[in-house]
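Engineer: Those protein sequences? They're chains R and D, same order as listed.
Mapping the first sequence onto this note's numbering, position 13 (from 1) lands on 13, and the numbers just tick up by one.
Mapping the second sequence onto this note's numbering, position 226 (from 1) lands on 226, and the numbers just tick up by one.
Honestly, I wouldn't trust all of these hints.
To be verified - Label pairs and their calculated CB-CB ranges:
1. R:Ser305 - D:Lys303: 32 to 42 Å
2. R:Arg198 - D:Glu40: 51 to 61 Å
3. R:Arg173 - D:Ser207: 56 to 66 Å
4. R:Lys134 - D:Pro289: 46 to 56 Å
5. D:Lys296 - R:Arg173: 20 to 30 Å
6. D:Asp154 - R:Asn218: 44 to 54 Å
7. D:Lys296 - R:Asn180: 25 to 35 Å
8. R:Leu206 - D:Thr184: 22 to 32 Å
9. D:Thr15 - R:Asn180: 24 to 34 Å
Unchecked claim - Calculated cross-link-like contacts (lysine-lysine; reagent style DSS-like; alpha-carbon spacing at most 25 Å):
10. R:Lys294 - D:Lys303
11. R:Lys94 - R:Lys183
12. D:Lys303 - D:Lys272
13. R:Lys296 - D:Lys183
What the hints assert, rightly or not - Covered, in the sense of this in silico footprint (three residues per stretch, anywhere, with C-beta under 8 Å from a C-beta of chain R), are these stretches of chain D:
14. 18-31
15. 150-157
16. 160-168
17. 180-190
18. 274-280
Note that these hints are calculated values from the structure, not bench results.
Ideal placement from N, C-alpha and C gives every residue a C-beta, glycine not left out.
Listed here are the chains, written in short residue letters.
2 protein chains.
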Amino acid sequence: MAQDLVIGIDVGGQTTKCGIVDARGTVIAQTVVRSDTYNEVEPYIALVAEGLNRIIAEAKAEGLIRGIGVGAPNANYYTGTIENAVNLTWGGTKSIPFAKLLSDAMGGLPVTLTNDANAAAVGEMTYGAARGMKNFIMITLGTGVGSGIVINGDVVYGHDGFAGELGHTCAVRNNGRSCNCGKTGCLETYASATGVSRTAREWLQLSDEPSTLRSLENISSKDVYDAAKEGDKIALKIFEYTGRVLGEKLADFIEFSAPEAIVLFGGLARSKEFLTEPITNAMNANVLPLWRGKIKLVYSSLKESDAAILGASALAW
Amino acid sequence: MAQDLVIGIDVGGQTTKCGIVDARGTVIAQTVVRSDTYNEVEPYIALVAEGLNRIIAEAKAEGLIRGIGVGAPNANYYTGTIENAVNLTWGGTKSIPFAKLLSDAMGGLPVTLTNDANAAAVGEMTYGAARGMKNFIMITLGTGVGSGIVINGDVVYGHDGFAGELGHTCAVRNNGRSCNCGKTGCLETYASATGVSRTAREWLQLSDEPSTLRSLENISSKDVYDAAKEGDKIALKIFEYTGRVLGEKLADFIEFSAPEAIVLFGGLARSKEFLTEPITNAMNANVLPLWRGKIKLVYSSLKESDAAILGASALAW
Chain R
1 MAQDLVIGID
11 VGGQTTKCGI
21 VDARGTVIAQ
31 TVVRSDTYNE
41 VEPYIALVAE
51 GLNRIIAEAK
61 AEGLIRGIGV
71 GAPNANYYTG
81 TIENAVNLTW
91 GGTKSIPFAK
101 LLSDAMGGLP
111 VTLTNDANAA
121 AVGEMTYGAA
131 RGMKNFIMIT
141 LGTGVGSGIV
151 INGDVVYGHD
161 GFAGELGHTC
171 AVRNNGRSCN
181 CGKTGCLETY
191 ASATGVSRTA
201 REWLQLSDEP
211 STLRSLENIS
221 SKDVYDAAKE
231 GDKIALKIFE
241 YTGRVLGEKL
251 ADFIEFSAPE
261 AIVLFGGLAR
271 SKEFLTEPIT
281 NAMNANVLPL
291 WRGKIKLVYS
301 SLKESDAAIL
311 GASALAW
Chain D
1 MAQDLVIGID
11 VGGQTTKCGI
21 VDARGTVIAQ
31 TVVRSDTYNE
41 VEPYIALVAE
51 GLNRIIAEAK
61 AEGLIRGIGV
71 GAPNANYYTG
81 TIENAVNLTW
91 GGTKSIPFAK
101 LLSDAMGGLP
111 VTLTNDANAA
121 AVGEMTYGAA
131 RGMKNFIMIT
141 LGTGVGSGIV
151 INGDVVYGHD
161 GFAGELGHTC
171 AVRNNGRSCN
181 CGKTGCLETY
191 ASATGVSRTA
201 REWLQLSDEP
211 STLRSLENIS
221 SKDVYDAAKE
231 GDKIALKIFE
241 YTGRVLGEKL
251 ADFIEFSAPE
261 AIVLFGGLAR
271 SKEFLTEPIT
281 NAMNANVLPL
291 WRGKIKLVYS
301 SLKESDAAIL
311 GASALAW
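Next comes chain R alone, as it looks inside the complex (with noise of 0.2 Å):
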C-alpha cells in the first residue's frame, strides 16, 4: 500500500487540534492537545508528538503518513517559523523553528507550516467551497479577521510570506477603532465577532431604543445573532453595520486580485442570514461597474470540527 495518508494539525491559544486524513478528505482519526500548558515550544513539541504516535497506532497508519501539514498564528511559509506570536504561551517575542522542531519529533517526516487563514484557503480549495477555483479570496470572520488569497491556484505569501493580513487594512479612515496590532481603524475592528460586540456596546450607548441585548452584561455575537432572529432592531441594525463594512472593504480586495469569489468562513459567518444581504449591497456598490453583481458571495462548506485540520492537512499533499 502506498503511502497515502497526511498529518493536519491546527494550533489555536488554547488547543491544537491534530488528525489523519486520507485523499479524499476523510478525518480518520483525531485528537486535541493543550496548547498553554508550556511557556517553552520543546514540551509542547513532545506532547503533540505524543498525541500524534497515539493517533497513528491508533489508525494502524505507520509507515503511511506522507507529509504533516500546520495551520498556526504568525506562521511563515518560506522559512517553516512561528514569529512573535504573542497569543501562545510558548510564543513570545521570538522566532521558533516549528517546522524544524515538529519534524526531528516526528522521525523527518517533512512538515509545512502556514497561518491558520491560509491553511482554511487551501482546505477550501482542496475539498471546500472554492474546489475547482483557481482565484478566490477567503475571509476568516472569528475573534479576529484572518485572511487566504488565492491567485492563480496558489496562496499568495509575498516577498517576506506574510501576505494577506487583509483584517488590518483600514475600514474607517478617521476616528476608527484601536485595534491589537496598534493601529486604528482596522476591518478587524468591525467585521469580526469581537467588532460586533464593540458595535453593540456603541449602539446601546448612543440610542435608548428598547433591546433584550441591555439586560446582558457582557454581549457576544452569538448574543446578537439570537437578538436578530427574535427581530431586535438593534441587532439587526448591528449586522446590517457589519455586513456594509466589510462589503465596502470587499470591493477594494475584489479591486486588487479580480477574484471568482469571495469564501466567507468562522464564527461570525454562522450568521449569514443577517449579513449576506449588507455585504452583497456595499460590495456591489463600491466596486468597478464590470464586476457588479459578478463576484459570488459564497460560504464554507466544511464541517466546522474537520475544517481546520482539513486546512492544515491539504497543504500536505
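With chain R held as given, fit chain D onto it using these hints.
Structural biologist: Positioned in the frame of chain R, the structure of chain D alone reads:
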C-alpha cells in the same frame, strides 16, 4: 541569426507608439501613428501595420521579429480583446478582438495584449527598477492612477483578466470626489495629475493664503510642481496631502500582497522630491508593524519616452 527582436506598441487615446526592441532593451527603431483618426478599428489596424512594416524595413528586421506586445486601455490579457474602451475613438461600448486583428495584419505574428499599467510593470521587471524582483506593485500616476501587480514573478490578471484596478479602490469613504467610473472617493481622483489639479482648485477656494497659483486660469499638476519649487505654501501642502492619501492606500496594498517594493511611474511621479516623504510617512504609519520601514518605495528607472514601448515589448518575449 536567430529571431531576437520584438515589437512593443503603446496604444494611447491620441497616439500609438510603436518600436522594435532588442533583447537588451534598446529601442532600435520607432514610429508614432495617430490613434484617433478613425471611428472603426480596421483602418486604424491598417495604419499601425503600415507603420510597423515601415520600421521593420528600415531596421532590416524582416524575419527577425519574434512577436508583438501591446499595452492598451481596457485590454484583456486572457482574451486578447479591448473591452468598452470609451476613451478610444474606435473603442466604444464593444469588445474588439485586437490581438487577432493585428496578428492577421502582420502575417500571423503572435500578439500579446495587456492593459498599459500591466505592460509598464512587465517593462520595469524586465528592464527597469524592478529587475530581479518577484513581488512588487507598480503604480502609474498619470491622468488617472493605474496599477500592475506582480506576485511570484507573474502579473496578476485574476479570474477574468481585469485585476489590478487599484486606482479605483476607495481613498475617501465619505463625501469623496466623483470619479469617471461612476463611484466616489476613488484613489485616482486624488493621487493623479488631475487629482492634484482638483486639490489645488479646492484648496485655493477654501483658504485665502496667497499663492502664485491664484493667477492661473487652469492649474495643471506641473503648475503646482513649479510653484512648490518656488516655495509656494499651498503648492507644498497639495503635494503633502496627495502623498498622504496615496501612502495610506499603499499600506492597504502591502497588507494584501506583501511586496518587496512599490514602484511609481508616470507624469506625477516626476514630482518625487515633494511626494516621497509624505508617501513614506503615511505608508509606514498605516501598515502593520512587521512591514514598517521595510517596503521600498522606488521610482521607474526607464527613459520616459521609451518606457511604454519597452513595457509592451517585454510581453512578447
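Engineer: All hints are to be evaluated individually against the structure, with a verdict given for each.
Structural biologist: A quick look at each hint next to the structure:
1. R:Ser305 - D:Lys303: 32 to 42 Å: violated (60 Å)
2. R:Arg198 - D:Glu40: 51 to 61 Å: holds (58 Å)
3. R:Arg173 - D:Ser207: 56 to 66 Å: Cβ of arginine 173 of chain R to Cβ of serine 207 of chain D: about 22 Å, so the range 56 to 66 Å is violated.
4. R:Lys134 - D:Pro289: 46 to 56 Å: Given a distance of about 32 Å, which is not inside 46 to 56 Å, the answer is violated.
5. D:Lys296 - R:Arg173: 20 to 30 Å: The hinted range 20 to 30 Å holds for lysine 296 of chain D and arginine 173 of chain R, with Cβ atoms some 25 Å apart.
6. D:Asp154 - R:Asn218: 44 to 54 Å: Since aspartate 154 of chain D and asparagine 218 of chain R have Cβ atoms about 48 Å apart, the given range 44 to 54 Å holds.
7. D:Lys296 - R:Asn180: 25 to 35 Å: The hint (25 to 35 Å, Cβ to Cβ) holds, given that lysine 296 of chain D and asparagine 180 of chain R are roughly 27 Å apart.
8. R:Leu206 - D:Thr184: 22 to 32 Å: holds (26 Å)
9. D:Thr15 - R:Asn180: 24 to 34 Å: violated (52 Å)
10. R:Lys294 - D:Lys303: violated (39 Å)
11. R:Lys94 - R:Lys183: Given pair lysine 94 of chain R, lysine 183 of chain R holds - Cα atoms ~21 Å apart, limit 25 Å.
12. D:Lys303 - D:Lys272: Distance ~16 Å between lysine 303 of chain D and lysine 272 of chain D Cα, so the pair holds.
13. R:Lys296 - D:Lys183: Since the Cα atoms of lysine 296 of chain R and lysine 183 of chain D sit roughly 21 Å apart, the hinted pair holds (cutoff 25 Å).
14. 18-31: violated (count 0)
15. 150-157: Since 5 is at least three, the answer is holds.
16. 160-168: holds (count 8)
17. 180-190: It holds, with 3 qualifying residues against the three required.
18. 274-280: Check failed, 0 qualifying residues.
In terms of the numbered hints stated before, the structure departs from hints 1, 3, 4, 9, 10, 14 and 18, listed from lowest to highest.
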